[in-house]
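Student: Produce the complete structure using the sequences and hints provided.
Here are the chains, one letter per residue:
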Amino acid sequence: MEIFKIQFSAADLKVIAPELVLTIFALFVLILSVFVRRQSRGPLGYTALVGVVIAFFSLFLGIGKEIKAFNGMVTMDPFCLFFKVMFLIVAFLTILASLGYTKREGIDLGEYYVLVLFATVGMMLMASGVNLLIIFLGLEVMSISIYVLAGIMRDDTRSVEAAFKYFLLGAFASAFLLYGIALTYASTGTLDLAGIGEVLTRQAWISSLPIVIIGLALLIIGFGFKIALVPFHMWTPDVYEGAPTSITAFMATGVKAAGFAAFVRVFFYALPNLQAYWTQIMWILAVATMTVGNIIALSQTNIKRMLAYSSIAHAGYIMVAFVAGNELGKSSILFYLLAYVFMNIGAFTVVILLGKKGEENTQLADYAGVGFKHPLLAASMSIFMLSLAGVPPMAGFMAKFYVFSAAVKARYYWLAVIGVLNSAVAAYYYLRVLIYMYFREPERELAVGAFSPSAVLAVIISVWGVLQIGILPSTFLALAQRSVQFLL
Amino acid sequence: MIEYVWLIPLLPAVGFLFNGLIGRWYNLDKRVVSWVACSVLGLSFFFSILVFFSLLKLPPDARAAVPDKVLFDWIVSGGLKTVIGYKIDPLSIVMAMVVSGVSFFIHIYSVGYMHDDPGFTRYFAYLNLFVFMMLTLVLANNFLLMFVGWEGVGLCSYLLIGFWFERDAPANAGKKAFVVNRVGDFGFLLGMFLIFAHLGTLEFNEVFAKAHLLDPVTVTMITLLLFVGATGKSAQIPLYVWLPDAMEGPTPVSSLIHAATMVTSGVYMIARCHVIYSMAPVSMAVVAIFGAATAIYAASMGILQFDIKRVLAYSTISQLGYMFLAVGVGAFSAGIFHLMTHAFFKGLLFLGAGSVMHALSGELDMRKMGGLWKKTPITFWTFLMATLAIAGIPGFSGFFSKDEILWQAFSSPHGHLFLWLVGAVAAGMTAFYMFRLTFVTFLGQCRASEEVKKHIHESPPIMTVPLIILAVLSVIGGYVGIPHVLGGRNYFHEFLAPVLGGLPEGAGHASLSLIKSAYAAGAVEEIGSVNWEIILMVVSVVIALIGISIALYLYILKPDVPKRLAQRFRTLYTIVFNKYYVDEIYEACFVSSAKKIGTFFWREFDDGVVDRSVNLVAGLMLWWGRVLRKIQTGYVQGYALGILLGAVVVIIFLIK
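Taken in sequence, the protein lines are chains A and B.
With the first letter of the first sequence counted as 1, position 388 gets the number 388 in our numbering; the numbers rise by one all the way through.
With the first letter of the second sequence counted as 1, position 236 gets the number 236 in our numbering; the numbers rise by one all the way through.
Wrong hints could be hidden among the right ones.
Stated by the list, open to error - To give an idea of the interface, some chain B residues facing chain A are shown, with a C-beta separation under 8 Å as derived from the structure:
id, residue
1, Leu622
2, Gln632
3, Gly634
4, Leu645
5, Phe653
6, Leu654
These are calculated hints, taken from the structure and not from any lab test.
Using N, Cα and C, we set each Cβ at its ideal position, and we do this for glycine too.
Tutor: As structure tokens, then:
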């Protein structure tokens, strides 16, 4: 075994330039927040926003032909580039949605933005890490930031409860993941993803060792928790409901996408030889996740909880593509996540806009009559709901279309049928929001605070994203296809 | 310049969005609305002309080979790849010029005509949308995009026929047009599916390049199905029934959509697909026969109508029949030529009718008109020009295009003496009913009520100027295609030849042999040496003159004769006057039985079976949801247990 040298060059730094930029800005915001008074904390959020924008441009420093850095620990390939851009979009939209919200709820602390930035760094490491340890570190950086963020409304018992539950169960799940990593290391002697793949190819007999299989199972559980697959999903509704809405949006999109990034990278890059083993259990998980998510969502009356179950169901749809595992399947995972980012953040931002201090207005009944009081906002919400339900010409339709056609191409006909049936069930609770907005008389006057312009901007961007992806999907699919090429 | 072809359809779309969203939302001033609506059309027309001239600069062979202007990929899925792309060749640019040009003038006319209508902005938004869709249809480089235009114009037609939806008649007419068109569209769709199933592409260039791979039966199927689509959109037998009712829309709409542009899209589609049609002689024969039959059948119905717009509607159906006759005998460019001249003179006739209605406070019944020529001179003279053109009087545009169709119907290898005969008789009927219309409306005594009489006035310049321009075009529009036999040069066909091929040559083997066999063997050589083209031309002009003379006799010299004739041939008169009862027959055969079947399935199957089972499943799902959510206790220990159990299941499953 070679001696591990901590040695790196400027070229290595370029590869993780966006992570570095975000870290620097996070620290900068942290320092700034010490010096500003409570009343003048507004610019902190904008500073974080600037950091995200600069991080985006710093991506260009590292663009090249699949470079590995830091002794092959992290990489910069089209796959992680796609995800990094997605995470930056998520961070950007989340901060936009947060600017007014945090002030309203009294959580406009410097830490809030610092933690969002750190969580984004963690997500990026999960996408760019090609070493199990880096992926795990990225996951923990992200998770710990999120635990804190979920509980940042210290006066709100539900927020604290959410943070606590998430932390406990997250730690529990991390243990599974870490144990899976350990077993994999034990059997293959390496943590490098390419190395693991090579060992499993060269010495095929290893693949059937129980230790490898148990490691595989534990990895599935670990990642399954982060992306909320049934039966590892139970934390989701409680945490999503209790956490500040902006953080819920961040979790539902960013954390999930990061989970999938690592999941896809590890399974299709390091463990494709085990595909015969994991396909079947993934099939079951996909079906369970879609079905349970959708069916429980039917009876929800709180919109945040409903969106939580909906996000579980969407993870199930993505798993359909995962099971299909063909070229279209892999690229449609990326495509789906991108579409999902816009429609979900958009929906949560509308939820934010329709609340005010002390009154979150997250009951479905609160949405009665919104269609006439706030026509444009309701129209945007309708676009997001229709997109989540998979109605053309929204992004959600194309995403589902690609996922299910991948399943059909891979001859998983039943899976595709179950997926389509599930979409039909799901239409009920998405359309119910529209029915409340347009066809129900409000029982009480809905009190809504002044709209924060930045959150409105986030809604506009999301609407644009949903329609752009839905109407002109081919550009985005081509990008997704290029991004997964190395996995083939 | 060719690169900017996408501006041609885009500009009307911008006008639609502006008027439809901003104009309606902010209740913009009528001047702003009409300026925007007309100027986008003017620009679109201007760009069409620019592209036309840049195309003209190229050598003839290169004109058909200009690469498609592809804007972006539209739908990519499996084997299907469709782009948003525009085809630039002589055919599409001729169509674009005709559509944008005629639309431009009709838009201007509409500013005057619709001036006092409360739905002014909505009207112009729809009209802009229509032009956008129509230009998409003619410029599309693939079947799917063409179909978007095809459906889009259908939608606009529906919206504009039912523009005054507060009244029942327009609303029902709109519905009828839409439903009848759906029948045709279904054929179009099936044809498209067949093409895709056999060739794996919908792009025109690829389809036509690969067309030789199709077997004769498939080609015949495809072309017949596409023709079904054409019969719907272009109001041919048996799907013509919606067009007369469509006259409930505003008159400029009838002029633009139901005379000059949309209804001709079937002819354009067949010309565009001439490669595959040429491979299917059976389909060609079907097209020609349906065209000829429609030409004479619709003309016969036009003779007895009293509503001036209905006369024009039947005339349009009949003229469209001519165009189908042309493309059916393989004279594709002759069909397009007639399409163009028809757009001029029929557009003008409708606008003239609108001007008459304007003068007579909305009167449509020609029995209550007469003697208008003095009070509305511009309308009268322009109307007369168009009438002379449609009647095929030498020197006017209609003469050149119609005569060419008749000659081709006779002489083309696909032609037949009988087709010519039907066409020639229909031409005589056309001359008759058009002059009947002109005479009764503009000459003689004024039969309007005293109240109306007081208000008779010429329309304002904003309406008469388009009339004059279109009148000029109706007169001179034919000179781009003078037949060789008259010593001219047929520029129009030369321009279209790179796309559509030359006109069929071969001097009428089929028709000639028929005539020959009627003669004694000794006369054969003599017949061969006669210039048949000249003879037929003279014959058709004579037939037209006879038609005009009869009209003159019946409606100017002896105005009491028509009534006596109607008495004499009472049965025939009643049948034709009631449009052969086709609407009633359709009602009895298709509409009412479809309604009955629909009601049955609605009550018994939908309510009884489908709804019940759906409600059952839905109830079950909701119940499951309520039960399953109880697992969500809120206790973190339970959740951890869930993870653990899940982990056990996963591990056991993998290990087993």
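Student: Could you run down the list of hints and mark each one as holding or not?
Tutor: Structure-based check of each hint:
no. : hint   : verdict
1   : Leu622 : holds (5 Å)
2   : Gln632 : holds (6 Å)
3   : Gly634 : holds (6 Å)
4   : Leu645 : holds (7 Å)
5   : Phe653 : holds (5 Å)
6   : Leu654 : holds (5 Å)
Hint violations for this structure: none, all hints satisfied.
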